[in-house]
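Number of protein chains: 2
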Amino acid sequence: MNRQQLINEIFTKKTFLCVGLDTDINKIPSHLKNEEDPIFAFNKAIIDATAPYCVAYKPNLAFYECYGLKGMLAFEKTIQYIKENYPNHFIIADAKRGDIGNTSKMYAQTFFEEYNLDSVTVAPYMGEDSVKPFLEYDGKWVILLALTSNKGSHDFQLTEDKQGERLFEKVLKKSQEWGTTENLMYVVGATQGKMFEDIRCIAPEHFLLVPGVGAQGGSLQEVCKYGMTKDCGLLVNSSRGIIYASTDKDFAEVAAVKAKELQEEMAIELGNIAK
Amino acid sequence: MNRQQLINEIFTKKTFLCVGLDTDINKIPSHLKNEEDPIFAFNKAIIDATAPYCVAYKPNLAFYECYGLKGMLAFEKTIQYIKENYPNHFIIADAKRGDIGNTSKMYAQTFFEEYNLDSVTVAPYMGEDSVKPFLEYDGKWVILLALTSNKGSHDFQLTEDKQGERLFEKVLKKSQEWGTTENLMYVVGATQGKMFEDIRCIAPEHFLLVPGVGAQGGSLQEVCKYGMTKDCGLLVNSSRGIIYASTDKDFAEVAAVKAKELQEEMAIELGNIAK
Chain A
1 MNRQQLINEI
11 FTKKTFLCVG
21 LDTDINKIPS
31 HLKNEEDPIF
41 AFNKAIIDAT
51 APYCVAYKPN
61 LAFYECYGLK
71 GMLAFEKTIQ
81 YIKENYPNHF
91 IIADAKRGDI
101 GNTSKMYAQT
111 FFEEYNLDSV
121 TVAPYMGEDS
131 VKPFLEYDGK
141 WVILLALTSN
151 KGSHDFQLTE
161 DKQGERLFEK
171 VLKKSQEWGT
181 TENLMYVVGA
191 TQGKMFEDIR
201 CIAPEHFLLV
211 PGVGAQGGSL
221 QEVCKYGMTK
231 DCGLLVNSSR
241 GIIYASTDKD
251 FAEVAAVKAK
261 ELQEEMAIEL
271 GNIAK
Chain B
1 MNRQQLINEI
11 FTKKTFLCVG
21 LDTDINKIPS
31 HLKNEEDPIF
41 AFNKAIIDAT
51 APYCVAYKPN
61 LAFYECYGLK
71 GMLAFEKTIQ
81 YIKENYPNHF
91 IIADAKRGDI
101 GNTSKMYAQT
111 FFEEYNLDSV
121 TVAPYMGEDS
131 VKPFLEYDGK
141 WVILLALTSN
151 KGSHDFQLTE
161 DKQGERLFEK
171 VLKKSQEWGT
181 TENLMYVVGA
191 TQGKMFEDIR
201 CIAPEHFLLV
211 PGVGAQGGSL
221 QEVCKYGMTK
231 DCGLLVNSSR
241 GIIYASTDKD
251 FAEVAAVKAK
261 ELQEEMAIEL
271 GNIAK
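Line order of the protein sequences matches chains A and B. Numbering-wise, this note's numbering puts 131 at position 131 of the first sequence, and it's gapless, one number per residue. Numbering-wise, this note's numbering puts 14 at position 14 of the second sequence, and it's gapless, one number per residue.
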């Protein structure tokens, strides 16, 4: 999916919600545990319930890999289900990969050829040759870690160099030599509040994938106040706040309610953009 | 495997070689392509040929994930084969994972419970909570990226802060608050030559996993001169230089020759340590 198609989806559906499919077998409703593939059964129900309210899905690879082949089969079935039934939804492989050039090339093949997904999250620590192989696919996206939502983000990402430039700022600047607003987004945690202002000084047009609204404590309004652009420029992710809002038989209905609540808040924010 | 066991293996076998199983279906000998599982068939032959000359194997996940379920099955069969036939070999999942705490916990489960491997490579960008979940397993190891072997390592890893401390040095120092010489190693590329001196000032006792000897141009002698400790303190990896030394029917024999050459050089280096 290219940038204009994504923007069209956002303004047509009046939402920039991404639903995170961090599906944990220990947290899904107990009645699903008798299904042949409980993880896929859970995802299918969540996807059907939330599709009208979101533009993207973000399965987190860790939650599938941890069950070995069985988990990866659930992952494959999930993305296949989205592609067949909701082909206009943007799919993010939240994998945080990154390795030397010839290895990153294999990871790019994995996510963009084997699975044919729209985007993958990538870690910047290893620099240019670890990121570039992912940027060589038309209509596919790198979502590069910039300023993450977790406590540990302060350990290295905020380190200032001699000129006072913080590491996440260096990542934002340097990576713009490798990719464009058409194939490169950044992860910026919703918990980082006013930092969005600083980020928009360096990356005024790039889409930002924003985790951390909900369970991690970030505010949608603050993210929009400081991070929204005339093209929206945001994909705001919620995982646990939607998919585990109920752990009973009504889990999918409650997930839909939670997704709809966020969508309605997002519609208001989008209404504030002159388009 | 704990530190003392690893040291014992190194001094008993007179080698600190790690063989990288970066198995690419396009590079393996053509006669193997008719096998039911060509990747596993190749790995099995390489493992049998090189086991006497190395103490560790390092399958690189990218090379397995890129074939989807089929690739992950080859990965599982490979590690199972090593564990059953060469149980004293240390296994490194070269995966370069790292995510927020609750997700890193799932990755740790993947590699340390589901696959029961000895160690996993981890990227430091997301800080403490992204690394710590991997450190909570007795006898298991985090191998944290510090100074990598690729060209892109210069983009961020060498950035100096206001006190002149480079990012990889900050990673080395900070991470020693989280782990010990018993559960934490570092990736330091062989291509970084004299940098090993600086690294040994900060991490005098930690084991270092050293890729980049061979195909990437690093020198074993230089690595040993600046990086070796009284306990050896090094696992030197070679992938392409061994596994693709011949692409003909004699690939395993030639791999054994190449591994043995490195082992003999390593025996000389180990001989220089008063033990």
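Errors might be hidden in some of the hints.
Intra- or inter-copy, both count: the list cannot distinguish identical chains.
Said to hold, decoys possible - No more than 20 Å apart at the CA atoms, straight line, and that leaves these computed lysine to any residue pairs for SDA-like:
#, residue 1, residue 2
1, Lys173, Glu205
2, Lys173, Ser30
3, Lys225, Glu265
4, Lys174, Glu160
5, Lys44, Leu32
Simulated from the structure, these hints should not be mistaken for laboratory data.
- request: Measure nothing new, just compare the shortest in-copy and cross-copy C-alpha distances for Lys173 and Ser30 to 20 Å and report within, between, both or neither.
  value: For Lys173 and Ser30, neither the intra-copy (47 Å) nor the inter-copy (45 Å) Cα distance is at most 20 Å.
message: At most 20 Å between alpha carbons: which applies to Lys225 and Glu265, within, between, both or neither?
response: within (13 Å within a copy, 61 Å between copies)
- request: Indicate which option fits the pair Lys44, Leu32 if close means a Cα-Cα distance not exceeding 20 Å: within, between, both or neither.
  value: Classified as within: same-chain Cα gap 12 Å, cross-chain 39 Å, threshold 20 Å.
message: My question is about Lys174 and Glu160: at a cut-off of 20 Å on alpha-carbon distance, are they close within one copy, between copies, both, or neither?
response: both (15 Å within a copy, 16 Å between copies)
- request: Evaluate Lys173 and Glu205 at a C-alpha cut-off of 20 Å and name the case that applies: within, between, both or neither.
  value: within (13 Å within a copy, 36 Å between copies)
In this structure, the one hint that does not hold is number 2.
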